[in-house]
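Enquirer: If you read the sequences in order, they're chains A and B.
Residues in the first sequence are numbered from 20 upward in steps of one, following the working numbering.
Residues in the second sequence are numbered from 2 upward in steps of one, following the working numbering.
It is possible that part of the hints are untrue.
Label pairs and their computed distance ranges (CB to CB) [stated by the list, open to error]:
{"#": "1", "chain 1": "A", "residue 1": "GLU344", "chain 2": "B", "residue 2": "LYS4", "range": "15 to 25 angstroms"}
{"#": "2", "chain 1": "A", "residue 1": "GLU344", "chain 2": "B", "residue 2": "MET2", "range": "13 to 23 angstroms"}
{"#": "3", "chain 1": "A", "residue 1": "GLN417", "chain 2": "B", "residue 2": "LYS3", "range": "43 to 53 angstroms"}
{"#": "4", "chain 1": "A", "residue 1": "GLU303", "chain 2": "B", "residue 2": "GLU115", "range": "56 to 66 angstroms"}
{"#": "5", "chain 1": "A", "residue 1": "GLU446", "chain 2": "B", "residue 2": "GLY94", "range": "48 to 58 angstroms"}
{"#": "6", "chain 1": "B", "residue 1": "VAL71", "chain 2": "A", "residue 2": "THR354", "range": "23 to 33 angstroms"}
{"#": "7", "chain 1": "A", "residue 1": "PRO420", "chain 2": "B", "residue 2": "PRO57", "range": "24 to 34 angstroms"}
{"#": "8", "chain 1": "A", "residue 1": "THR304", "chain 2": "B", "residue 2": "VAL71", "range": "57 to 67 angstroms"}
{"#": "9", "chain 1": "B", "residue 1": "GLY94", "chain 2": "A", "residue 2": "PRO347", "range": "40 to 50 angstroms"}
{"#": "10", "chain 1": "B", "residue 1": "GLU115", "chain 2": "A", "residue 2": "GLN351", "range": "29 to 39 angstroms"}
{"#": "11", "chain 1": "A", "residue 1": "GLN417", "chain 2": "B", "residue 2": "SER24", "range": "27 to 37 angstroms"}
{"#": "12", "chain 1": "A", "residue 1": "GLN417", "chain 2": "B", "residue 2": "GLU96", "range": "31 to 41 angstroms"}
Since the hints were made in silico from the structure, they are not lab data.
The beta carbon of each residue, even a glycine, is placed where N, CA and C say it ideally should be.
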Amino acid sequence: MTNKARILVVDDEPQIAEMISVALQAHGYAVSVAYDGEQGVKRAGEEKFDLAIMDIQMPGMDGITALGEMKKIDPEIEVIIATGHGTMGTAIQSMRKGAFDYLHKPFEIKELLSVVGKALEKRKFNDITKAIFSTIKPEELLRVTIDSVTRILKAEESLLVLPDKDGRLRVAISEGLEEEAHLNSRLALCERMMGRLDGGAKSVILVDEPAKDKTFADLPGIGEIKCALFLPLMEENRTAGLININRTQEGEYFTEDDLQRAKIFGSLVNLALRNSNLYRQLQETQSQLIQAEKMSALGQLAGGLAHEINNPLSGILGLTQLVLENLPPASQNYTDLKDIEKAVFRCKKIIVSLLSFARQEKTHMEPVSINETIEETLTLCARQMELKSVRIARQFAQGLPMVNGDSQQLMQVFLNLFTNARDAMPEGGELTVETRLLKDPSGREMIMAAVSDTGTGIKPEILDSVFDPFFTTKPVGKGTGLGLSVCLGIINKHNGAIKARSRPGGGSTFTISLPV
Amino acid sequence: MKKILLVDDEELVRNYVLRALSSRGWEISAVDNGAAALAMLGRKDFDAVICDLKMPDMRGEEVIKRIRAVFPAMKIIAITGSVSNSSTPLVPGVELEGFLIKHFGIDEIRNLMERVL
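Okay, chain A solo, but in the shape it has when bound (with noise of 0.2 angstroms):
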């Protein structure tokens, strides 16, 4: 919406028309004149209005219907009626054809001017209110939200403040603040706020000229706001973020009505932050869900295809080492047999992986050594670590005794665990297997199995996901978010406990419990 509103006037009294629009054009709207309802309608096909002021009693089309056909062209017109012959059934039928307010005549200009603001302001809010839900892509409704904030409190200068992922507060989006000193005193200013919320839900909090307040006067370059609105936003019944709206201009305090605007305004954008969360969660949800169809797919792909390849590998690599054996070794024949030979074992690995990707088995439990079943597992990614330089350190208690358990699934559990301690030291590290014998509270004997790495760490918030089936913080293509979940279902069948404890930047550690 541009800063001039567009207003028609609709009466079939030229000197009534002529008045009105005189003392709008006064007060800085644009105005537009039609004489009778069929012209009214016709002006509001053919260009966009802000609002109608229509007469009511008019020869050909009257007020009432023209009101109906108006808002069928354009549904977000607002349109004020203006009754000679006040009747109270005609105001209330207007009310109800969708007229935002009526007036009756004769009325004072000054009468005219306030239903027009109001009317115009309840414009303004749909038009927001629209572009705000309108807008689904987070960082298109942080700027959206800003700006229309901005506007409706009339302010120098707004910010958005929102932690990032290590919690710490940053400005999302600023609007009138282009200076790097500003950005953070208004950034302090936010924090004390914060930290003076606690949580408590407030859905606005008003500071007039914050740097006289004492919770606030120690903060550097804040004395030239005049006053600050503040606008929690919320999630899950805790403040998760802050719009901080200030006026710079001398006397220029928010008032009443700004406290209320601010606080619907608030309700709205906080509504709004939710769908675009939902959105992201389905989003990510979606593509979770075409990962896990594609694992399937390609699952049932892999099994078929391993046997049909199988047979013409081994023809290939049993007839290479044939000729091979008649060969002299120094001869450029025997040198491409080998090549070929090496090709075929290249292949043997792959249709291996892919077997056991594609295999769903059956436990066949046994007595199994935990430290052996460790050890096994990583003679198998050992030259992976070392390529990716991890060392591996070795905690094993001797003497344990043996669980029962499938030692195929055990291994796969731990290479997963390794696998996935490997991806969380992209720049090397340590990757650290201990065993040992516990007690568990009910006197019961346990094998405790701990992996840790000194990778990155996972984040608190998502601790408590890394079992969930496809949850995966690792791009498309890389994991398929079912390597823990396979690991708790496996852990689960042999009666035992699979734990993660994490901090950012601390490393992880997953701890196996399993009865003896």
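Once you have looked at the hints, place chain B on chain A.
Expert: Coordinates of chain B only, in the frame set by chain A:
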């Protein structure tokens, strides 16, 4: 001379196993299905049977069970595409003398036969 019967539906496999083993002095015959294998065993004495488990007509497991029932002393080696779980028997109820995982090399099969025979 020890006699070996190879049962595999894949010609390529029969081809190289045949040559890999005969060049080591074993007498080896090959057939491409279970029924032919049983017929062959009825006609001629063998010391060992190498049998693919995955064949289109009669499944390898069935062939092996029948051979074991008729010739309890026969050395039987199974060829399998993959071992799903090393602890589950390849052919339930039948004790095998050995197994080969595709794709095995000529040394693998020679060494295994050396051990078995």
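Enquirer: Quick one: which hint numbers does this structure break? Sort them smallest to largest.
Expert: When the structure is compared with the hints, numbers 6, 7 and 11 turn out to be violated.
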